[in-house]
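Engineer: Please arrange chain V on chain L, whose structure you already have, making use of the hints.
These protein sequence lines map, in sequence, to chains L and V.
Start counting the first sequence at 1; every next residue gets the next number (my numbering).
Start counting the second sequence at 130; every next residue gets the next number (my numbering).
Hints were generated in silico from the structure; no laboratory data involved.
The beta-carbon is built from N, C-alpha and C at its ideal position, and this holds for glycine as well.
Be aware that a few hints might be false.
Calculated lysine to aspartate or glutamate pairs in the EDC-like style (CA-CA distance at most 20 Å, straight line) [stated by the list, open to error]:
1) L:Lys71 to V:Asp547
2) V:Lys643 to V:Glu597
3) V:Lys445 to L:Asp77
4) V:Lys208 to L:Asp123
5) V:Lys274 to V:Asp246
6) L:Lys82 to V:Glu487
7) L:Lys66 to V:Asp547
8) V:Lys646 to V:Asp668
9) L:Lys82 to V:Asp677
10) V:Lys215 to L:Glu65
11) V:Lys173 to L:Asp126
12) V:Lys299 to V:Glu255
13) V:Lys400 to L:Asp86
14) L:Lys66 to L:Asp97
15) V:Lys208 to L:Asp119
16) V:Lys445 to L:Asp16
17) V:Lys445 to L:Glu65
18) L:Lys71 to V:Glu504
19) L:Lys82 to V:Glu459
20) L:Lys68 to L:Asp16
21) V:Lys249 to V:Asp220
22) V:Lys445 to L:Asp55
23) V:Lys215 to L:Asp123
24) V:Lys377 to L:Asp126
25) L:Lys71 to V:Asp508
26) V:Lys836 to V:Asp791
Stretches of chain L that chain V covers, calculated by requiring three or more beta carbons in the stretch to come under 8 Å of a beta carbon on chain V [what the hints assert, rightly or not]:
27) 80–90
28) 96–104
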Amino acid sequence: MTTNQSAQFDKKPQPDFTATDPYKILGLSPAAGQSDIKRTYFALIRQHPPETAPDKFKIIRGAYEKLKDTKRRGETDIFRPKAPPDWQPSGRPLTLDTTFHATDALTVLRHWGELGRTDFQADYRDVNL
Amino acid sequence: MSKRSKRRKRREKQQKEEARLTGPVLAQQGLQAFRQADYAQAIKCWEQATRKKDAPEAIPSALAEAYFRLAMNHTDPIKNMAQAVKFQPNDALYRYHLALAHHRAGNLEQAEPLYRDLLKQSPPFERAAAPLAQLLIEQKKAVPKDPVWARLSPAQQRQLAAAEALIKNKAASTLQRLAETPLEPIWQGMVALALDDIAASVTDLKPLTTPDSDAPPQICNVARYYLGLTAAQAGQDESALAHWQAAKNNDLDTPHLHRNVSVTAYTLALKAQQAGQPEQAQQLLNQVSRTAGIQQDLRAFTRQLSWEMGYAAAQKGNWQQALVNWQQAEQAGDNSRSLLFNLALAYQHQEQFGQAAEHWRTVLRRRPRKADHPEALTDQQVARIWQNIAENYSKAGHFDEAVTTYKNALKWAPNNLDIRLKLVESLQNEGRWQAAENELDRILDKDPDNVPALVLRAESYSDGYFQERPRQLWRRILKLEPQHPVARQQLAHTFEVEAMRWTEWGYNYQEAIKILKAGLKEVPDSQRLLTVTGGTYADWDKFDQARDYLAQAVARNPNDMQTLYTIFTIWLENGSKPDMMQTLQKLQAISPAPPAGLFLDLSERCLQYSQSGLTEQILNFVVHSYSADVDARVGAAGVYIELDQERKALPILRQVLKEQPDHIPANIELGFVYYYTDQTRLAKRQWDKASELARQTNNQAMVHRVKLIKDEYLHGKRPPQNMFEALKTMPPELLDELLKTAPPEIAAMLRNMSPAEMMAMLAGFGGFDDDDDLFR
Chain L
1 MTTNQSAQFD KKPQPDFTAT DPYKILGLSP AAGQSDIKRT YFALIRQHPP ETAPDKFKII
61 RGAYEKLKDT KRRGETDIFR PKAPPDWQPS GRPLTLDTTF HATDALTVLR HWGELGRTDF
121 QADYRDVNL
Chain V
130 MSKRSKRRKR REKQQKEEAR LTGPVLAQQG LQAFRQADYA QAIKCWEQAT RKKDAPEAIP
190 SALAEAYFRL AMNHTDPIKN MAQAVKFQPN DALYRYHLAL AHHRAGNLEQ AEPLYRDLLK
250 QSPPFERAAA PLAQLLIEQK KAVPKDPVWA RLSPAQQRQL AAAEALIKNK AASTLQRLAE
310 TPLEPIWQGM VALALDDIAA SVTDLKPLTT PDSDAPPQIC NVARYYLGLT AAQAGQDESA
370 LAHWQAAKNN DLDTPHLHRN VSVTAYTLAL KAQQAGQPEQ AQQLLNQVSR TAGIQQDLRA
430 FTRQLSWEMG YAAAQKGNWQ QALVNWQQAE QAGDNSRSLL FNLALAYQHQ EQFGQAAEHW
490 RTVLRRRPRK ADHPEALTDQ QVARIWQNIA ENYSKAGHFD EAVTTYKNAL KWAPNNLDIR
550 LKLVESLQNE GRWQAAENEL DRILDKDPDN VPALVLRAES YSDGYFQERP RQLWRRILKL
610 EPQHPVARQQ LAHTFEVEAM RWTEWGYNYQ EAIKILKAGL KEVPDSQRLL TVTGGTYADW
670 DKFDQARDYL AQAVARNPND MQTLYTIFTI WLENGSKPDM MQTLQKLQAI SPAPPAGLFL
730 DLSERCLQYS QSGLTEQILN FVVHSYSADV DARVGAAGVY IELDQERKAL PILRQVLKEQ
790 PDHIPANIEL GFVYYYTDQT RLAKRQWDKA SELARQTNNQ AMVHRVKLIK DEYLHGKRPP
850 QNMFEALKTM PPELLDELLK TAPPEIAAML RNMSPAEMMA MLAGFGGFDD DDDLFR
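Just chain L, with the same shape it has in the complex (with noise of 0.2 Å):
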């Protein structure tokens, strides 16, 4: 193994314990050589042991397991849900409309002084029979 490759198993893996996917829970990519899910594993099974940290053990054990040999990960890999398509708006710029519009200014007129009051208690008078 190189420095380089060393240096990279040494960095801490980011384990997901919600998620459902194995690789995800092991913090690994789809990806991974089987040398690299043991040591992560490992790795994780040290920081997380079932002496002190039973439930994520069990959920970093469960992980494990269905991807330990090439017989099991071939299982797990066939059906693991796919991801979802890379995905680009088309790149048609969308702009605002920042003009002023002279209708707004009509709106405004239409419900400028006496069109816009709603109260006029003031007009009414009172009744007498």
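Structural biologist: Quick look at chain V alone, frame taken from chain L:
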């Protein structure tokens, strides 16, 4: 009486009452309603008063005021103001408000002459000047040239000049000049906007949008729109969207507002999606208008978000949500292979196996065929997916499809014995025994020591008369896997079956014991075989040997309730009370306690063998040890009744009904207590109550059961004698309830069966057992 005549009578009565009321009375009633702001009622009373000869003179003016106030309450303003004017045609105020109503409704042609008349009268009605000037600007007429301009105050002239300049897109110099004059904030702000003076516009417009602003809603909306625009130009997209949403929610409806909401929501949605927040992106996307000119992008984006949300849900194990999201992506036009794959997976996780199988088939049909394709499947993978399809078909009950698809899987992996074994199971499920045998031969040819195949073969032989063939197979399996639990159990079973033939057909206990002992030599720790051997000795009246073997059986697992139950029945059948008592004590000592039903069953068996004392002892135990179990106590009361101990059943049932008055079986049993103590009327009342409770809870089985009890005990009707009669007399709703859990095709078949066909079918099952109780 018909509805029409009822209506007519009511109307006539009303008319008579109205006729009795005088004009002044009606006037006062109207006034009372008017003072309570019920203007519609006031109008009704006063209009009736106008038809009276003694109506007060002031009624028309009162009516005009009531119509005016109704119009001011936003109730059909044009119609109501027209009425007010009808009653008071010379009243300038009412005519002015009629003009305003027309103006607000956009009826400028009707409004203009009204305004002009008001200004022409003497003295002129000056309030009409400003709205008339507004109307002329709306009509794009030159207001300063109109005589009305001179009637406006200098302040009004400044505001309306600004409005005209903005509406007519006048030159910047004009706007600049106007901006330097004192204007109301809305016009000041709009002029500043038209002059691109963003800072000034914000200062003017912001106060209009505060909660304490008294600006009319639409003016407030326009201010919000432009404040949003200034925020967007400053890069504050969230703030811009909030302003625009507020304006939109308050009924501002302009194309540029919709466009800007859409563009900003879309931009923010993209940011949310890139930040891995698809739910938030979806919420933002919901605000994007379909007319925004980005339909294609919108559709693709929605699809993508559904994909991403489904994937995130699946990653968290929430397959139900994943399925919903991926179905949405599919509906939005995604028919990619990857989505199909995910849908198949989601259907499978949601146990919709038929759908899953069909989707997997499509996944395989659309797989890339070129070997160098990045998503190409290997032969093993294809075989595995075919196998998965077959498993889904099996779980969906489509065994014929399962057989076909397992065969497809084998085409891609002919040496895969696991798949071939599954094929055997499917063939057996389909009843194709010979085909299953042939497949087993193929497996065992390739792998003679294949344990699962040997197990399947042994199981298929176990139903036959001769036990030697399966026995040899079980022995072979145990040689390969000495602790194989099924093989051990089944090997013992072959000896039990063979021994039972000697006892049941020839009472040849000696031969039976010889076989059982041979079995025990091979499976010495078989609890079942030890129990059967003990039972056989007991039947042979060799009680010492029996006790010895039965003790050995108990010693294997002292808490095994099935073994103890069997031992109890052995001693019950052989009449050995001390052994029964000893076994009962062992059963009562089991921890955790067995279900109460076991003891109730034992008590009924004791009753069958006329062991009344023991029956009572067991029932006492149930009542005291299962005091929290209402059903157990009711069951015990039922057996007490069978034992003619109604006086013991009564307090138990009364206590149960005190705790749970709605307990249907308790009510039924109490009915029996009354019946057997010659209180038939009380029995009927109790059964009626049970029936009512059953109806209330829609418990069809109980409703029918009570009916049968009443028919038999109260009306002397013969109860159904067998299953056919029971099915024939069953109400359709109960049959539906019973068939609810049946597979749909079986339920449909039973529903459509004629009586003759049903009789033939039931006869095919080997007849009926009179003890069958369909309703328990």
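Engineer: Give a verdict on every hint.
Structural biologist: Verification of the supplied hints:
1. L:Lys71 to V:Asp547: holds (14 Å)
2. V:Lys643 to V:Glu597: OK: V:Lys643 and V:Glu597 at ~15 Å, within 20 Å.
3. V:Lys445 to L:Asp77: Status holds; Cα separation ~17 Å.
4. V:Lys208 to L:Asp123: OK: V:Lys208 and L:Asp123 at ~19 Å, within 20 Å.
5. V:Lys274 to V:Asp246: holds (19 Å)
6. L:Lys82 to V:Glu487: holds (18 Å)
7. L:Lys66 to V:Asp547: holds (19 Å)
8. V:Lys646 to V:Asp668: holds (16 Å)
9. L:Lys82 to V:Asp677: violated (64 Å)
10. V:Lys215 to L:Glu65: violated (90 Å)
11. V:Lys173 to L:Asp126: Holds, at roughly 18 Å.
12. V:Lys299 to V:Glu255: Between V:Lys299 and V:Glu255 the Cα gap is close to 29 Å, so the pair fails against 20 Å, i.e. violated.
13. V:Lys400 to L:Asp86: Holds: V:Lys400 and L:Asp86 sit about 15 Å apart, inside 20 Å.
14. L:Lys66 to L:Asp97: Given that 20 Å is the threshold and the Cα spacing comes to 54 Å, the pair is violated.
15. V:Lys208 to L:Asp119: holds (19 Å)
16. V:Lys445 to L:Asp16: At roughly 10 Å apart (the allowed maximum being 20 Å), L:Asp16 and V:Lys445 satisfy the hint.
17. V:Lys445 to L:Glu65: holds (19 Å)
18. L:Lys71 to V:Glu504: Answer holds: L:Lys71 to V:Glu504 is near 19 Å, not above 20 Å.
19. L:Lys82 to V:Glu459: holds (15 Å)
20. L:Lys68 to L:Asp16: Holds: L:Lys68 and L:Asp16 sit about 18 Å apart, inside 20 Å.
21. V:Lys249 to V:Asp220: holds (14 Å)
22. V:Lys445 to L:Asp55: Satisfied, since the Cα-Cα distance of roughly 16 Å is no more than 20 Å.
23. V:Lys215 to L:Asp123: holds (18 Å)
24. V:Lys377 to L:Asp126: violated (39 Å)
25. L:Lys71 to V:Asp508: holds (14 Å)
26. V:Lys836 to V:Asp791: holds (18 Å)
27. 80–90: Holds: 8 residues of the region 80–90 of chain L have a Cβ under 8 Å from chain V.
28. 96–104: holds (count 9)
Checked against the numbered hints given earlier, the structure breaks hints 9, 10, 12, 14 and 24 and satisfies all the rest.
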